[in-house]
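Engineer: Letter by letter, the chains look like this.
Protein chains: 4
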Amino acid sequence: MKNENIKVGIIGATGYAGAELVRLLLAHPNATIASIGSVSFEGKKLSEVYPAYQNLCDMVCENNSDIAKKSDIVFAALPHGLSQDLAYDCYSSGKIFIDLGADFRLEDEDEYKQWYNGEFKHKALHKEAAYGLPELNRASIAGKKIIANPGCYTTCVPLGLAPALKNGLVEQSGIICDCKSGVTGAGRGLSQNTHFAELNEGLAPYKVATHRHTPEIEQTLSKLCGDKITLTFVPHLLPVNRGILATCYSKVKSGVTFEQICTAYEEAYKNEFFVRLLAPGKCADIHNVRYSNFCDISLHFDERTNTLITVSALDNMVKGAAGQAIQNMNILFDLPEETGLTATPPAF
Amino acid sequence: MKNENIKVGIIGATGYAGAELVRLLLAHPNATIASIGSVSFEGKKLSEVYPAYQNLCDMVCENNSDIAKKSDIVFAALPHGLSQDLAYDCYSSGKIFIDLGADFRLEDEDEYKQWYNGEFKHKALHKEAAYGLPELNRASIAGKKIIANPGCYTTCVPLGLAPALKNGLVEQSGIICDCKSGVTGAGRGLSQNTHFAELNEGLAPYKVATHRHTPEIEQTLSKLCGDKITLTFVPHLLPVNRGILATCYSKVKSGVTFEQICTAYEEAYKNEFFVRLLAPGKCADIHNVRYSNFCDISLHFDERTNTLITVSALDNMVKGAAGQAIQNMNILFDLPEETGLTATPPAF
Amino acid sequence: MKNENIKVGIIGATGYAGAELVRLLLAHPNATIASIGSVSFEGKKLSEVYPAYQNLCDMVCENNSDIAKKSDIVFAALPHGLSQDLAYDCYSSGKIFIDLGADFRLEDEDEYKQWYNGEFKHKALHKEAAYGLPELNRASIAGKKIIANPGCYTTCVPLGLAPALKNGLVEQSGIICDCKSGVTGAGRGLSQNTHFAELNEGLAPYKVATHRHTPEIEQTLSKLCGDKITLTFVPHLLPVNRGILATCYSKVKSGVTFEQICTAYEEAYKNEFFVRLLAPGKCADIHNVRYSNFCDISLHFDERTNTLITVSALDNMVKGAAGQAIQNMNILFDLPEETGLTATPPAF
Amino acid sequence: MKNENIKVGIIGATGYAGAELVRLLLAHPNATIASIGSVSFEGKKLSEVYPAYQNLCDMVCENNSDIAKKSDIVFAALPHGLSQDLAYDCYSSGKIFIDLGADFRLEDEDEYKQWYNGEFKHKALHKEAAYGLPELNRASIAGKKIIANPGCYTTCVPLGLAPALKNGLVEQSGIICDCKSGVTGAGRGLSQNTHFAELNEGLAPYKVATHRHTPEIEQTLSKLCGDKITLTFVPHLLPVNRGILATCYSKVKSGVTFEQICTAYEEAYKNEFFVRLLAPGKCADIHNVRYSNFCDISLHFDERTNTLITVSALDNMVKGAAGQAIQNMNILFDLPEETGLTATPPAF
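Chain order of the listed sequences is A, B, C and D.
Its first residue numbered 1, the first sequence is counted upward by one per residue in the numbering used here.
Its first residue numbered 1, the second sequence is counted upward by one per residue in the numbering used here.
Its first residue numbered 1, the third sequence is counted upward by one per residue in the numbering used here.
Its first residue numbered 1, the fourth sequence is counted upward by one per residue in the numbering used here.
Excised from the complex, chain A in its bound form:
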């Protein structure tokens, strides 16, 4: 499906992921924002909620239920549980639905029940959905009508670990994922731990070994390996706006050299515009990917303990949310994948 001017609708446009979609789509040469929806700000201009957008997007927020009919494609950025009916409606009327929430990410309903305390309302629909992490499963995306757009950690960790695991270069057990996220990951809703005076000059983990992105990361990596991966995932909240840094530790298999690993990564990502493998000795830094769809990866080897350390960095609002959603849209509309996503990350 080629389209020179895609009409896009955004459900949940006033949340952070929705607002970021607006920012990126305004710069997309082949898309036009046709309508935006919001529960909290229906009837208000988006630029009243986000004054940064004044004169650039003064559209009025509509009722979320009115979005689909004006659009070729609908992005939904909603809390989990709210997307399934909307997806059903879109699917029924032949519209494409890209869900930035969690409802279609887990393939196993039991896992969804366990981690989200929810159920699959339209079971057939889940079979129609593709998981949208193009660098790892591009082939399964094209032609789909429902895309489960991965979360932030669930993009950053798999991109960091995939070539090592897929090629059987590291052990599948004992993987540790120590992750750090900027505060936009917690969204626009107010809470004490995102109150400036209490987060500033602080750092702590949260939801230690219980975060809902755990099964999603494992699902992605398990598929790559053909084996069930169970790993330890600990997120931390950083006093910065944007960025995920995933520092992942895995045991190098006996007989495997670091050079082999480096080669596997180069091979895996040599044609991936959005993955930048850093030169040996450099370290991935969230500073260098802000406001962009890049994922920077650096590889390190602790020869004293035979441990591979992969460090991956991305902007949680772009490659970890809105940018990747647009990357998926580009695939579905047969556009070059980087269309509208080539802005250079600022150096400072």
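Misleading hints may appear alongside valid ones.
With a straight-line Cα cutoff of 27 angstroms, these simulated DSS-like cross-link-like pairs (lysine-lysine) come out [claimed, not checked]:
1. K207(D) x K282(A)
2. K207(B) x K251(C)
3. K251(A) x K166(D)
4. K253(B) x K270(A)
5. K70(B) x K145(B)
6. K282(B) x K113(C)
7. K253(A) x K207(D)
8. K127(A) x K144(A)
9. K251(C) x K166(B)
10. K45(B) x K270(A)
11. K223(D) x K251(A)
12. K45(C) x K207(A)
13. K45(C) x K282(D)
14. K228(C) x K251(B)
15. K282(D) x K113(A)
16. K253(B) x K253(C)
17. K253(C) x K228(B)
18. K207(C) x K44(A)
19. K207(B) x K44(D)
20. K223(B) x K251(C)
21. K44(B) x K282(A)
22. K228(D) x K282(C)
23. K207(D) x K45(B)
24. K207(C) x K251(B)
25. K44(A) x K270(B)
26. K45(D) x K270(C)
27. K253(B) x K251(C)
28. K45(A) x K270(B)
29. K44(A) x K282(B)
30. K251(A) x K228(D)
31. K223(A) x K251(D)
32. K270(D) x K44(C)
33. K44(B) x K207(D)
34. K69(D) x K7(D)
35. K251(A) x K44(D)
36. K282(C) x K207(B)
37. K45(D) x K207(B)
38. K253(C) x K251(B)
39. K282(B) x K207(C)
40. K270(C) x K44(D)
What the hints contain is simulated information worked out from the structure, not anything from laboratory work.
Since the structure of chain A is already known, use the hints to place chains B, C and D on it.
Structural biologist: Just chains B, C and D now, with coordinates in the frame of chain A:
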């Protein structure tokens, strides 16, 4: 001079203003970076200095003296005193020269001597130069070969005060300009007061009533009024990366109402894409203009003391440096002024 | 009234000012916290609200109405309007009451009505209250039973301007106070403008020329001059936790030299432990007073416009709230004023 | 050795660790700073270097070689390699020497050679030195004349892991220490990666698996276990001033329950004033230990992978440097260990 593919050279590309030029020009539809120069990093890739640019600008820095010959237009981002000879060479060979430094900003050589302790090396050249603040003197820019691109404060303060002063709505004496700048204004050079641990959680003024932007601000405003303006200018250093906020205080003339003032601003800026006048009751915030070429302005009136308070906010690296330089280039090449400068400022 | 072990009660202990009182009083050699009260967290340990205090203050929050009877002195840190009845009860039972809120700060009930939309419930009580800014009105504090502890801006601005105004060295009209505050000044309550992702990397004014501290500042300065002062006051919100910086502009009277002004400040503050006058050429910085009761002041002169620029910096939670309240307590209990308040501000 | 008024000398007082020693010692009831030394600022007042200290420590920096003779005890905060001769001189003249640098930390000269490329100049002296991490080896400190004060990571990681390892509750191999440090750990020296505009809004690891604190952490833990521990240690640089957060991962031994582990930690630290074990479900946060000598520890269990996750947080300049040095001084002078170190960490 219309040009579909302008060849651009950047002298001093590894400083902050130079690097920002690169970032913005990479997104410009009618310009190509032909060569970049650097004293400190000659022979190195720009992406080695700024890893954020990896894969996007891996050009190798050349000797600054080699830049002009490969380019239709040269941007120079150098410390004051170093641009005059380069400008002379460009001018002599028919190239356009946009100086982001201070050498061509002051028209009066005595003032240049007093504030910069320098001299006009090529006096005739100074008469050929135009001051490039399009919203206030657009007519004098087109057709010129040398542009003195204004500094950050010297864009922000005049845009905030111009309509009131030009229309004779406020007194010309007694103006106070209390300004606050993000740290990129201090450049890439290391210093104790930009060392993270010492700037973070701090705020202080600097160069109180002695900053070199003072005569430049006065020159711009004096021209608008036809009278010599002398004002008080105090800059402060903020623990943020980007942004200038100028809070300016002036006495409203007897008989003038705040409504008249608001109308004058609306009239002055109604066709200016890059100036966004905020709705009554809103306050300009540097947060909302980051990474963009916008200058947001809010107007406030203290009726208890009959004082007009204008608050203007811009990104010191964009509208206060590289963005405005490109805006000037667009004018010179007869392109729409906003070409390449329409990116939406991020909401967070 | 000398007391080796003052029993202190804190009403509103879980707000930021209350919590800061706890921190400082735990280090006070002559005071013991007898009880702490809270509306929102009654029945909870203070250290559950502020984990920083674990093992140091695990006291359980009581009902605010139970605090006074266990204490020699009561500090109240409440929103305006809530302190008057509590003060009345304390006064009636012979307890000392230090109000960190606004209820007793303005002497003129009409002004209180105008700015706070409230009334003086116990009119006689207001005549018993002293305004507690020791450096400017120490004599009126000793022996009082009710102290109106000044706000943050209302300490910082008067300390910066007092010697110049009191000694008639600057004009009384046309004074501009451009102030910048750390975010703790906005308190613990959640709001969009103190949400990390939206304040971070931002700066804007708020309540421009309408902030409630305006009449309080004017009252203090008017008393010093013997004349009604009306000035322009504009606060800004900074992305830092602590600190007020007040940059104040006043016209130097004809015939007065900057040296005379400097001498007047030295004379005024030479015996004031908590006021540090900086050496010529240095600039007051909020970084250098954090977590301390100091107010740093630097003086600057713009000879081009004959303007005195005073820059004063203090920690809004200490000299601008809890520290000054303790300073007042020390006066009332005949202790050296700096007792418990001598901690060195951290250098980083 | 009891002493009511210990005369203290500080070598390297103008570095960050030295300056923090000054701040803490000014509040110590039994110590007086007798002299301070500096290479870079000899002849200057300390308060000229750190204006925060004005009026509180206006002492003039002397030559480092003059410090010892005026003091009962000398703290040296110097780059590695520079302390050994100074320690020798102190030892020879019967003075106590506390080295905040690395020269006496490693017991094995080969390790010192390998990691620091240096040698033990006075081999006998190294046998006289005690490693000063009181919570883990208090008994070996008292009576010593030379104390090797541990580094920041090397306090934080061992305190987090010690009870589990010492009691044989976790496997000795496969331990991962993912650590995050505030920028004061990089010191006062200027560098591009601590330049505000480049660190702000960033996060990256550094010296991955090659940091010099690795053998020191292993030495401490190996002694506790009686077995050689080799672990993976990765530090990251945070855009905050202070704090170390160590997230450590270890495999729980077969048959061991999380309850047993929690009990072991409670037992180990129940009498340790400076270690605060958090309640189940809470997470250690660097925000809550700033400016204090506390180390907060939280324990977490990933039952899916049978992994113990210990999170320990301390202020790198206090418990990770100057505060612990004073704690060691208190032991040597037979003072209660917490003397001068009881300040409550600020809640914001």
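Engineer: Under the criterion that the straight-line Cα-Cα distance not exceed 27 angstroms, is the pair K44(B), K282(A) satisfied?
Structural biologist: holds (16 angstroms)
Engineer: Under the criterion that the straight-line Cα-Cα distance not exceed 27 angstroms, is the pair K127(A), K144(A) satisfied?
Structural biologist: Given that 27 angstroms is the threshold and the Cα spacing comes to 10 angstroms, the pair holds.
Engineer: Within 27 angstroms, alpha carbon to alpha carbon, are K207(B) and K251(C)?
Structural biologist: holds (19 angstroms)
Engineer: For a C-alpha distance cap of 27 angstroms, please report whether K253(B) and K253(C) respect it.
Structural biologist: holds (22 angstroms)
Engineer: Given the hint that K282(B) pairs with K113(C), does the C-alpha gap stay at or below 27 angstroms?
Structural biologist: Given that 27 angstroms is the threshold and the Cα spacing comes to 26 angstroms, the pair holds.
Engineer: Given the proposed pairing of K228(D) with K282(C), does the C-alpha separation stay at or below 27 angstroms?
Structural biologist: Violated, at about 54 angstroms.
Engineer: Tell me if the straight-line CA distance from K207(B) to K44(D) falls inside 27 angstroms.
Structural biologist: Given that 27 angstroms is the threshold and the Cα spacing comes to 23 angstroms, the pair holds.
Engineer: Between the alpha carbons of K282(B) and K207(C), is the straight-line distance 27 angstroms or under?
Structural biologist: holds (10 angstroms)
Engineer: Next pair to validate is K207(C) with K251(B); report whether the Cα-Cα distance is within 27 angstroms.
Structural biologist: Holds, at roughly 19 angstroms.
Engineer: If you draw a straight line from the CA of K44(B) to the CA of K207(D), is it 27 angstroms or shorter?
Structural biologist: OK: K44(B) and K207(D) at ~23 angstroms, within 27 angstroms.
Engineer: For the pair we were handed, K44(A) and K270(B), check the Cα-Cα distance against 27 angstroms.
Structural biologist: holds (23 angstroms)
Engineer: Does the alpha-carbon distance linking K45(C) and K282(D) stay inside the 27 angstroms limit?
Structural biologist: holds (15 angstroms)
In this structure, the earlier hints numbered 4, 22, 35 are contradicted, and the remaining ones agree with it.
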